[in-house]
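As they're listed, the protein sequences go chains A and B. Here the first sequence stands for residues 61 to 449, where the numbers follow my numbering. Here the second sequence stands for residues 61 to 449, where the numbers follow my numbering.
Only true hints are included.
Heads up, the list lumps identical chains together, so a pair's fine if it works in one copy or across two of them.
Straight-line Cα separation of at most 27 Å, DSS-like style, residue types lysine-lysine; simulated pairs: (1) Lys-121 x Lys-432; (2) Lys-339 x Lys-293; (3) Lys-432 x Lys-446; (4) Lys-256 x Lys-368; (5) Lys-112 x Lys-62; (6) Lys-265 x Lys-141; (7) Lys-112 x Lys-141; (8) Lys-358 x Lys-339; (9) Lys-339 x Lys-228.
The set of hints was computed from the structure by calculation and includes no laboratory data.
2 protein chains.
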Amino acid sequence: MKNIAILGSTGSIGCQTLDVVRSHADEFAVYAISARSSVDLLISQAREFLPKVVCIADESKLTQLRDGLEGLPVTCYGGDKAIEEMVEHTEIDIVVAAMVGYAGLRPTIAAIRAGKTIAFANKETLVVAGELVCALAREHNVSLLPVDSEHSAIFQSLMGEDSGQVEKLLLTASGGPFRLMPARQLASVTAGVALKHPNLLMGAKITIDSATMMNKGFEVIEAKWLFSMPVSKIEVLVHPQSIIHSAVQFIDGSVKAQLGMPDMRLPIQFALTYPRREKSDFPRIDFFSLTDGLTFYKPDTEKFQCLKLAYEATRMGGNMPCVLNAANEVAVAAFLKGQIGFLQIPCLIEYAMEHISFNATPDLEAYMETDKQTRALTEERRENLKFEI
Amino acid sequence: MKNIAILGSTGSIGCQTLDVVRSHADEFAVYAISARSSVDLLISQAREFLPKVVCIADESKLTQLRDGLEGLPVTCYGGDKAIEEMVEHTEIDIVVAAMVGYAGLRPTIAAIRAGKTIAFANKETLVVAGELVCALAREHNVSLLPVDSEHSAIFQSLMGEDSGQVEKLLLTASGGPFRLMPARQLASVTAGVALKHPNLLMGAKITIDSATMMNKGFEVIEAKWLFSMPVSKIEVLVHPQSIIHSAVQFIDGSVKAQLGMPDMRLPIQFALTYPRREKSDFPRIDFFSLTDGLTFYKPDTEKFQCLKLAYEATRMGGNMPCVLNAANEVAVAAFLKGQIGFLQIPCLIEYAMEHISFNATPDLEAYMETDKQTRALTEERRENLKFEI
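Using the sequences plus the hints, can you model the full thing?
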């Protein structure tokens with residue numbers, strides 16, 4: 061029986077992780093769950109899974125959480141600090157880091173320091189502070205198991221292989237909902253349109269990141285750290301069918317790939333059961349129904365500037381990916397509120413990358429400072445922008 | 061430095077194996093080579109690679125072989141028995157079994173008994189006597205490394221995995237040159253037409269087997285033995301681009317595949333260097349040039365009866381795959397000589413399967429007897445057939 065803590069249990073990955081646990085009740089117990097502010101869903105999850113500990117980051121909702129779980133053997137806490145403490149419980153075997161955005165960084169670091177296996181779904185943590193997090197994981201001999209379908213695919217393709225014999229990583233991308241839209245129409249895209257992603261059930265932030273292809277840029281950075289691979293050896297392939305989840309090319313020219321239906325439960329389950337696999341009733345690929353075949357295109361980085369900015373930030377290194385991430389969080393939030401247009405997202409990020417001072421060797425405090433400065437600068441710039449659609 | 065023996069060095073796989081050795085001269089030495097009757101090529105290979113031992117099965121050409129290598133430090137032998145003795149040399153590390161057809165059985169068994177690692181390119185050996193050969197390999201703790209691109213793909217996809225967690229093997233097939241030809245036109249196909257295979261540089265026998273899809277049937281049987289998998293868990297996918305070389309579906313629904321350009325040197329090199337990979341200059345997949353995409357179709361077993369007969373023979377087991385193989389060798393030889401039409405190949409095989417007595421538990425002698433009887437019966441039937449085109 062593995063004891064699981066889920067950070068961000070009310071988000072898309074969190075809910076799907078609970079789905080997996082539900083169908084393997086004999087193997088996994090939910091020891092702890094946390095959410096930012098979705099208190100109602102958090103209560104209902106706690107009532108079903110009866111974790112020992114439940115945390116809500118938004119302390120104003122702690123009373124509501126306690127009331128909702130009264131009489132149950134569940135201890136409730138509020139605040140970010142409580143989440144960091146929660147992951148240190150010795151009974152926890154594996155921490156699913158499924159918080160959205162930069163908020164995942166500190167609890168993930170706490171979990172690594174506590175020696176927990178991490179199932180990694182919070183890509184921003186690696187984007188912002190990949191070097192630091194990976195060094196810490198090595199130091200504490202902690203496994204970072206990817207949950208993203210792309211990184212899980214690479215991880216699976218590397219099983220039994222010598223990672224020193226990798227020639228390149230082939231990261232596939234659906235291309236997002238605007239792959240075929242002419243560039244000049246992108247300016248008029250609204251949040252409502254962008255929130256319809258063709259393949260995966262995802263949250264709003266990641267859906268917009270997918271539409272701008274920043275999500276793929278983040279995954280390039282994540283892959284760099286997870287697999288210790290220079291960014292020059294990470295190639296993005298647009299693959300609209302999302303069947304090949306990613307691949308690895310080896311020095312002899314052989315390519316290994318992992319394929320599956322677009323269903324996040326598969327990589328989640330694999331991270332939880334690794335190194336074993338467990339039977340599942342997830343849908344299987346029906347190769348004969350793939351009438352368009354499996355196709356591949358070069359990503360259009362002129363049209364999707366966010367992907368280009370992500371490659372640039374990674375090549376620069378230091379605090380630049382942190383700038384990229386913070387500016388993106390601010391810009392996407394503004395886009396979702398209808399405050400800026402779709403094409404202003406990369407403009408704001410580029411502006412931040414040009415104006416925040418470069419720091420080649422940031423420590424955790426420097427990351428925090430860069431994050432704060434970037435958010436302030438991007439907000440300020442956003443307020444002065446004329447809304448263009 | 062690994063010492064290699066190549067059985068069938070003058071065939072397509074043999075020549076490509078020597079290509080691989082040529083580009084890794086620091087890692088591999090050719091210790092022994094053999095051929096059936098292509099004495100001129102065998103001489104020129106021996107002059108280049110200077111093996112210690114050279115064998116020619118056709119004893120009438122032994123004098124020519126000796127004359128051609130006079131003055132060189134190479135010992136020459138003739139006859140099938142000499143080939144069996146050759147593989148027992150203690151200096152040999154790995155035996156590449158690249159003979160065509162049933163002739164590969166005895167030397168392969170001799171090599172296994174001598175404890176040599178086998179790089180397996182002679183599928184007929186496993187088709188005819190897979191149970192016996194695999195039992196022997198287990199007994200002598202010998203690795204059977206597949207050289208066929210499909211089985212190498214499955215082998216690579218299984219690295220680091222628990223083979224008990226396989227749900228099915230997905231064996232890809234180009235579909236052969238007649239995939240799109242209407243069934244009624246198949247009757248008039250001649251050897252000249254059939255010998256133009258779209259993808260791989262192959263010998264005449266295997267080219268015809270590919271056109272009838274018997275080759276794929278043999279590969280199903282081979283996969284059954286190599287991976288200890290019931291035939292009900294082996295599915296054939298027609299995949300005309302031949303980029304996905306085969307795949308494995310696991311119990312969690314995850315599929316792992318190995319991809320590459322159609323180039324036999326890759327699986328040959330992998331078998332020789334396993335478990336490592338070595339740098340190569342083989343062409344890489346250019347995903348962006350795959351304009352038709354990667355497509356998949358159900359095999360048409362009504363049109364390609366040989367594939368159906370192979371599944372039937374495997375399901376029956378015992379000596380039936382041996383009957384399948386012997387009848388196929390006779391029928392293909394007759395087709396190549398223009399003695400029978402294309403659609404008479406499966407007719408002859410079906411006739412043999414219906415008329416040779418079934419033996420559920422044959423030993424090596426029984427296989428020999430079945431083989432002899434089947435050849436005689438099929439020849440006799442062939443002589444009585446009216447040539448139909």
